[in-house]
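**Q** Here is what each chain is made of, one letter per residue.
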Amino acid sequence: MTQLKKQRPEFRNINALKDLTTYRLPPAGWVSILHRVSGLLMFIFMPFIIWMFDKSISSELSYEYLTSAFSEGVSIYPGWFLKLVALALIWAYLHHFVAGVRHLYMDATHAVSKEFGKSSAIATLAIGVVLTVVLGAKLFGVY
Amino acid sequence: MSVNFGSKRVVTGAHYGLRDWMAQRATALLMALFTVILLAQVIFSSGPITYEVWAGIFAAQWMKVLTFVVILALLYHVWVGTRDIWMDYVKPVGLRLTLHLFTLVWLVACAGWSIQALWRL
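Residue numbers (our numbering), protein chains in the order written: chain A, 1 to 143; chain B, 144 to 264.
Because the hints were derived from the structure by calculation, they are not lab data. By construction, the Cβ of each residue, glycine as well, lies at the ideal position given by its N, Cα and C atoms. One or more of the hints may lead you astray.
[To be verified] Computed cross-link-like contacts, DSBU-like style, restricted to lysine-lysine with a CA-CA straight-line distance of at most 30 Å: (1) B/Lys151 with B/Lys207; (2) A/Lys55 with B/Lys234; (3) B/Lys151 with A/Lys18; (4) A/Lys18 with A/Lys6; (5) B/Lys234 with A/Lys138; (6) A/Lys83 with B/Lys151.
[Said to hold, decoys possible] From the derived model, a few chain A residues whose C-beta atoms are all more than 12 Å from chain B: (7) Lys5; (8) Thr22; (9) Gly73.
[As the list claims (entries may be wrong)] Footprint (simulated), chain B over chain A, 3 or more residues, beta carbon under 8 Å: (10) 74-87; (11) 122-129.
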């Protein structure tokens with residue numbers, strides 16, 4: 001390299017409070033960390049998800065109970081709060097799924113260029129958000 | 144050179160990288176297929192999704208068996224993912240191994256509960 005290189009900041013020994021807040025993560029970086037975050041979110045809310053599954057298939061009464069839980073609420077949790085949690089889980093699943101498919105594609109082809117890395121990352125983020133909005137609208141009764 | 148053999152040995156695990164990496168991909172593929180199968184049944188059902196329609200999907204024996212397999216696949220998939228998170232961010236060995244244990248108990252309990260709900264039908 002004979003041209004002058006731009007003086008870029010170096011990040012060694014990353015400090016969470018000082019460096020993470022100033023580091024500009026590329027789109028692929030965002031997809032990656034959100035893939036991890038969405039996974040962890042689903043892990044933490046697994047009992048809630050299983051509770052919903054259980055109620056939904058056990059009986060007509062429990063099915064009614066579940067559908068009304070999203071409007072009337074359950075114990076201390078109001079309906080709108082449960083809907084927001086469900087929305088977060090919907091996004092988590094969709095993002096994790098699309099980012100996962102991106103991973104599988106990269107693993108299978110071994111031929112991803114840097115440009116494709118960026119474009120596929122942006123597509124992943126967009127698809128996740130768009131589908132979340134579509135399903136969220138259904139959840140909140142827009143259609 | 145740190146002393147980490149014999150009685151000073153630190154338990155971190157080893158030689159499971161490729162197996163778990165492969166297992167995560169395989170279970171992911173299986174769960175993706177299951178998602179498509181479930182979605183197709185929901186989308187191609189006629190009328191609103193009542194209890195009969197929804198529970199009916201999971202009443203079929205083949206669907207019960209498939210869902211059972213997917214629950215086990217999910218268990219392994221989540222274990223690998225969560226173990227990776229603990230391994231990346233939790234350096235103290237005692238705390239990390241405790242989290243491993245908690246995670247496994249949590250996951251096995253979740254699997255047991257979902258299988259119980261599935262087979263009550």
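**Q** Which constraints among the numbered hints does this structure fail? Numbers only, ascending.
**A** 1, 2, 3, 5, 6, 10, 11
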